[in-house]
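Trainee: My request is simple: use the sequences and hints to build the entire structure.
Read top to bottom, the protein sequences are chains V and G. First residue of the first sequence: 1, per the numbering used here; consecutive thereafter. First residue of the second sequence: 1001, per the numbering used here; consecutive thereafter.
For the record, the hints were derived by calculation from the structure and aren't laboratory data. Built from N, CA and C at the ideal position, the CB exists for glycine as well. Among the hints, erroneous ones may be present.
[Stated by the list, open to error] Listing some non-contacts, in silico: residues in chain V with all C-beta distances to chain G over 12 Å:
#1 91
#2 109
#3 171
#4 337
#5 424
#6 436
[Unchecked claim] Covered, in the sense of this in silico footprint (three residues per stretch, anywhere, with C-beta under 8 Å from a C-beta of chain V), are these stretches of chain G:
#7 1092-1103
#8 1136-1144
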Amino acid sequence: MRNIKRVTRYRISLPLVALSALFLLSIASPTHAELKVDITSGKIEPLPIALPDFFGNGAQAHTLGRDIAAVVSANLERSGLFRLIDRKAFIQARSSLRIRPKFPSWRQINAQALVVGSTEVRPNGQLRVEFRLWDVFAGQQLVGLRTDTEPQNWRRVAHIIADAIYKRITGEQGYFDTRVVYVAESGPAEKRVKRLAIMDQDGANHRYLTSGAELVLTPRFSPTAQEITYLEYRGGRPRVYIFNIDTGQREALGDFPGMTFAPRFSPSGKRVIMSMAQDGNSDIFVMDLPTRRVSRLTSHPSIDTSPSFSPDGRRVVFNSDRGGRQQIYVMDSDGGNPKRISFGNGRYATPVWSPRGDLIAFTKITQGEFFIGVMRPNGGGERLLAKGFLVEGPTWSPNGRVLMFFRQARAGAGGGKPKLYSVDLTGFNEREIRTPTAGSDPAWSPPKR
Amino acid sequence: MHWKILVTVIAGLALGACETTSDNAGSAQGGGSATGQGSSSGGSGSSSPQVSSLAPGGVPAGSQEDLVTNIGDRVFFGLDSVSLSAEARATLEKQAEWLRRNQGVTITIAGHADERGTREYNLALGDRRATAVRDYLVALGLDQNRVKTVSYGKERPVDARSAEDAWSKNRRSVTTVN
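Mentor: Next up, the structure:
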C-alpha cells in the first residue's frame, strides 16, 4: 500500500482567479484489479457510474452543486465510456454520503464507480468544490480534488472534475476543459452568411467572433488557444488572418499577390503554414511569425494544399493532385522528401496530424460518398470512422482519441445545412454537437492552461 | 397600331433590365434578339438630350447587364477540370471582343466549384478555373491590368441542390464588370 499525495495547480486565464486544485488522498491497492477502461479497442461497454448532485449547504451552494453534477454527468455520458446510473435507484441518501459511502448499497445497484462531491460558498465569496471518485467494489478512493475559485467559474470546475475522472479511469488526458471554434452558417446557400463562433466543447458559452459581413472559412487554434488563424474575404480578397480571441483584433498575415488559404499553426505557435495561389497554381508556404519571413515548401504545377505539421514540427502532411488525383503526401518541414502515403481507391484530402503523432485523420471521397478516416503516418492501417453524402474537415481532441467533423445531407433547394459531429477513434459513439445554427469547419482547442 | 409597337419595345427594355442581376440569374446566354434600338420613347422635347450608346437589347454598353444579356458572363467546366470547352472558348472570344469594344471596362473573374470536393481543394480549383479564363482572355489580347481573379471554391453555388444538373451549373467562372 502506498499513499500518494499530490498538489496540482490549475490557473484560469482570468487574472484575478487562482484556482488551486488539491489532490486529496489517492490509494492504489495491489490486491484489486484496477478499475480501468481501455479506450483503444473496439466497442466499449460503458462503465456504470453513480453521480449524485454535489452536496451544498445553503441555496447558492445547493444550486451550484446540482449544476456541476449535471455538467460532469453530461461530459461523461457523451464520452461514451460511462453509463450514468438512474438516480431513482440510489439507496444511500446524499447527506450521509459526505461522511463515507456505504459501498454495499452502491454495489447493490451495480455502480462500479461513485462520485461524491460538495460545494460550499465561503465567507469571502469564493466557491469551494471538493469531490472524490470511489471504486465501489474495492471501497477505495481513486481521486480526490479540491478547488477554490469564483462562483462564476463553476462550469470550468465541472470540466476539470470530468477530466480528472476520465483520466483516472482511462489513463488518458481528458478533453472536457476545451473549446471549439467553427463556422456558423445561416441564410440560403447561394449567399450563405458565415461567422466565426466559439463555444465550450459541450456547446455552452457560445458566442460569435465575427459579424458575418465577410465570408470566413477554416478557423484553427494556436497552441495557446488565444489566437485563431483562418481565411477571410475582407474587401473581396481572400487572405489568411490571425484573430485574437481576447482582444477581438484581426490582422492579415502578409500581403501576397495571390489568395492565401488553408492556414494552420505550427506546434510551437511561431509559424503558420498555408497555401498560396498564384497564376492558378497553389503551393505550400510557411511564415515565421516573429520575423514575417516566408519560405516556400512546395513548387509543383499541381494543387498542393491543406498542410498540417506533425506534433514534433519536423514533418508536414498535405494533399496534392500531382499524381493526377488528390492524395496525401508527407514531407520534411523544409519541403524535402515528399512521399505519397495514401494509395486506396478514391481521393484523399484535409489530412490532420494527431496531437499524439500516431495517426493522420483525413477526408476520403470515393464512389459518390465522403468518409472521415485515419491512417498511420506511413499510410498503413487505414480505417474509416464516419461517412455521409458530405463529411469533411476532421479535427482532433487534444488527447487524440476523438475526432470532430461536419456533415451535410443531400440538399434540396436552399442548400444543405451542415452540422458538427464527434466520433471516437474506435468508430463508435458518434454524437451530434448542437449549435444554434448550421455549422462547419470545427477546430478543437488544445487544453486550456 | 403604332401604340402597340411602342408597348412591345418597352416590354423588351423591361425584360432586359430584369435579366441583369449578375450571378444568380442562371446561365444567361447571349439572348440579345435586338428588339430595335429603343430610341428613348418619343422624348423629342428637350433641347440638349443626354446621349449614351445602347447595346442590343437596350442596356448601357459596357455594363454588367450588357455582358450578361448580349455576350454571356460565364463559362462552365467539367468535373474536377479546368479545361475550356469549345463552347466556353466561344463565349470567351465574345467577351474578349466585347472588352476590346469597351476599353474602359475592368473585370473580375470569379472561379467556382461544385460541392463534391473538400473546401480547401475547391478554393484552389476555383482559382485555377478563374486563371484559365483570365489566361485565355489575355491570349486574345486583353491587357492583364484590366483583369483580376478571385476564387470562391464551393462557397457560392448558383443552384444549391445536390444534383448533377446543379453541380454542372456551379462549376463555373463568372466575369463581372468592376
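Trainee: It remains to establish, for every hint, whether it holds in the given structure.
Mentor: Hints, one by one, checked against the model:
The beta carbon of residue 91 of chain V is kept farther than 12 Å from every beta carbon of chain G, the shortest such distance being approximately 53 Å. Every CB of chain G lies more than 12 Å from the CB of residue 109 of chain V, the least distance being 48 Å, so the non-interface label holds. With a least CB separation of 34 Å from chain G, residue 171 of chain V remains clear of the 12 Å interface cut-off, as annotated. Against the 12 Å criterion, residue 337 of chain V stays outside the reach of chain G, whose nearest CB is about 23 Å from its own CB.
With a minimum CB-CB distance of about 23 Å to chain G, residue 424 of chain V clears the 12 Å threshold, and the non-interface call stands. For residue 436 of chain V, the non-interface assignment is confirmed: its Cβ lies about 21 Å from the closest Cβ of chain G, beyond the 12 Å cut-off. For the stretch 1092-1103 of chain G, the stated coverage by chain V is violated: 0 residues have a C-beta nearer than 8 Å to a C-beta of that chain, whereas at least 3 were required. A stretch counts as covered by a chain when three or more of its residues have a beta carbon under 8 Å from one of that chain; for the stretch 1136-1144 of chain G and chain V the count is 0, and the coverage is violated.
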